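Modelling step: build the complete structure from the supplied sequences, incorporating the hints.
Read in order, the letters of the sequence shown correspond to residues 2 to 208 in the working numbering.
Since the hints were derived computationally from the structure, they do not count as laboratory data. The structure displayed is predicted, hence computed values, not measured ones. Virtual Cβ for every residue (Gly too), placed ideally from N, Cα, C.
Within a straight-line C-alpha distance of at most 35 angstroms, the following computed DSBU-like cross-link-like pairs (lysine-lysine) qualify: (1) LYS103 with LYS201; (2) LYS188 with LYS136; (3) LYS144 with LYS38; (4) LYS188 with LYS96; (5) LYS52 with LYS136; (6) LYS52 with LYS163; (7) LYS56 with LYS77; (8) LYS201 with LYS96; (9) LYS41 with LYS138; (10) LYS52 with LYS96; (11) LYS52 with LYS103; (12) LYS77 with LYS96; (13) LYS56 with LYS163; (14) LYS144 with LYS188; (15) LYS146 with LYS52; (16) LYS77 with LYS144; (17) LYS41 with LYS103; (18) LYS41 with LYS201; (19) LYS52 with LYS38; (20) LYS41 with LYS146; (21) LYS56 with LYS138; (22) LYS56 with LYS136; (23) LYS188 with LYS138; (24) LYS103 with LYS163; (25) LYS77 with LYS188; (26) LYS52 with LYS188; (27) LYS138 with LYS163; (28) LYS103 with LYS38; (29) LYS163 with LYS77; (30) LYS144 with LYS163; (31) LYS96 with LYS163; (32) LYS41 with LYS77; (33) LYS38 with LYS188; (34) LYS144 with LYS96; (35) LYS144 with LYS52; (36) LYS41 with LYS136.
Okay, the calculated beta carbon distance ranges per label pair: (37) LYS96 with SER148: 31 to 37 angstroms; (38) GLN99 with SER135: 43 to 49 angstroms; (39) SER57 with ASN207: 31 to 37 angstroms; (40) ASN35 with LYS96: 36 to 42 angstroms.
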Amino acid sequence: MNTKIALSTLALTLLPMTALTAHANDTAVTNLNNLLKNTKSMTANFSQTTKAGGKSQSFSGSMALERGNKFRWDTKSPSEQLIVANGSTMWVYDKDLQQVTKQSVNNQVGDAPALLLSGDPNQITRNFTVSQPSKGKNYYVLKPKSSSANFRDLSISFNGGKPVMMVLNDSIGQTTSIRFSNININKSIPAGQFSFTPPKGVDVINQ
Numbered sequence: 002m003n004t005k006i007a008l009s010t011l012a013l014t015l016l017p018m019t020a021l022t023a024h025a026n027d028t029a030v031t032n033l034n035n036l037l038k039n040t041k042s043m044t045a046n047f048s049q050t051t052k053a054g055g056k057s058q059s060f061s062g063s064m065a066l067e068r069g070n071k072f073r074w075d076t077k078s079p080s081e082q083l084i085v086a087n088g089s090t091m092w093v094y095d096k097d098l099q100q101v102t103k104q105s106v107n108n109q110v111g112d113a114p115a116l117l118l119s120g121d122p123n124q125i126t127r128n129f130t131v132s133q134p135s136k137g138k139n140y141y142v143l144k145p146k147s148s149s150a151n152f153r154d155l156s157i158s159f160n161g162g163k164p165v166m167m168v169l170n171d172s173i174g175q176t177t178s179i180r181f182s183n184i185n186i187n188k189s190i191p192a193g194q195f196s197f198t199p200p201k202g203v204d205v206i207n208q
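This is the structure:
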């Protein structure tokens, strides 16, 4: 199982329904934007489960993020992996493999859902269609507009204005669920949390 979180309607008689749907989507976008804009920084613990083909794998760790595509995603159990983004560059460090992958940050939500929380909320409608399936509940579903996206949809749930859960369904049939706990938002985070220097002796792969 690939555990890497590896983050697109009818005719004349349906025009009134289409108009209502568009209005509902506009409301969903506004509601989601307001929630994301309120999350300028965040720290939390997370538990992550990926399911595919009747099998599942679970991971846990801690995370930190800050507006401007800055985040740190530190998986501790059962294996160690560290993902760090400083706003322009993202590093993925697999300690077991002694390997670092370095790439530009280009809203690669499929690879790192934290980019949804740390990126520019105003760019959401450029990349996704947004819906709010249950009126009055802070649960949103985002579907990529690009046909080349590596995931089918991503949902995010809020409680008390805080992101508490994300679920990503990717293009190869995997479902990844991420639950957050011990959440703190809008508190100062040391700048060093979003910097990374590859350890000596590891392989560095540029993508």
